[in-house]
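K.L.:
Produce the complete structure using the sequences and hints provided.
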Amino acid sequence: MKRVTMADETVLRQARTLVPVLYQLSRVMRLQGIDAAGLGQLPPSELEVLRYVADAPGVSVSTLARDLGLHASNVSATVRALVARNLVRREPDPNDRRAVRLHATLDAAHGSARIEDAWARIFADAMAEISDEQRAELASAAPALGALAERLRARRAAERG
Numbered sequence: 066m067k068r069v070t071m072a073d074e075t076v077l078r079q080a081r082t083l084v085p086v087l088y089q090l091s092r093v094m095r096l097q098g099i100d101a102a103g104l105g106q107l108p109p110s111e112l113e114v115l116r117y118v119a120d121a122p123g124v125s126v127s128t129l130a131r132d133l134g135l136h137a138s139n140v141s142a143t144v145r146a147l148v149a150r151n152l153v154r155r156e157p158d159p160n161d162r163r164a165v166r167l168h169a170t171l172d173a174a175h176g177s178a179r180i181e182d183a184w185a186r187i188f189a190d191a192m193a194e195i196s197d198e199q200r201a202e203l204a205s206a207a208p209a210l211g212a213l214a215e216r217l218r219a220r221r222a223a224e225r226g
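Convert by adding 65 to the 1-based position in the sequence shown; the result is the number in our numbering.
By construction, these hints were calculated from the structure, which means they are not laboratory data.
Careful: at least some of the hints might be erroneous.
Cβ pair distances, simulated, as ranges [claimed, not checked]: (1) A207 x A121: 22 to 28 Å; (2) Q106 x L203: 25 to 31 Å; (3) R155 x E181: 20 to 26 Å.
By construction, the Cβ of each residue, glycine as well, lies at the ideal position given by its N, Cα and C atoms.
P.N.:
Below, the structure written as structure tokens:
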């Protein structure tokens, strides 16, 4: 077993402080942004799948399930719901007619833009109520948070092979 050092304890203490705050922030932003964008009830699973498909056009259901750590049957049900909402379209794989590739629709692009705009407005309204120093701290933390997110994504991908 790895021996825990003082530096490890410091990082662990910092993580224990950050994780609940980041989770709460993410949840509030996700739920309020969807409502503010006028998209009605878009469950978190549908939003997550939709964002992935928009970022990776032509992805397969199996790749999507693997990368998101979800069961293929759950992803299939989520994709069906997104297709019914006209947010995702299925296209036959040009190399294998039995396989399907997923693409975000124009409605999805417009909806995603509305969600991101709503998130920015909600976030900006809240940021306007904190001090200039706190806003500067948040802005300066963005690159580090982005690097952390990328590190977590890379670890997850490596674990899944």
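K.L.:
Does the Cβ pair Q106, L203 satisfy 25 to 31 Å?
P.N.:
With a Cβ separation near 30 Å, Q106 and L203 satisfy 25 to 31 Å, so the hint holds.
K.L.:
Regarding R155 and E181, is the given constraint of 20 to 26 Å on their beta-carbon distance met?
P.N.:
Since R155 and E181 have Cβ atoms about 25 Å apart, the given range 20 to 26 Å holds.
K.L.:
Given the range 22 to 28 Å, decide if the beta-carbon distance of A207 to A121 lies inside it.
P.N.:
Roughly 23 Å apart at Cβ, these two residues keep to the hinted range, so it holds.
Figure legend: structure checked against the earlier numbered hints; every hint is met.
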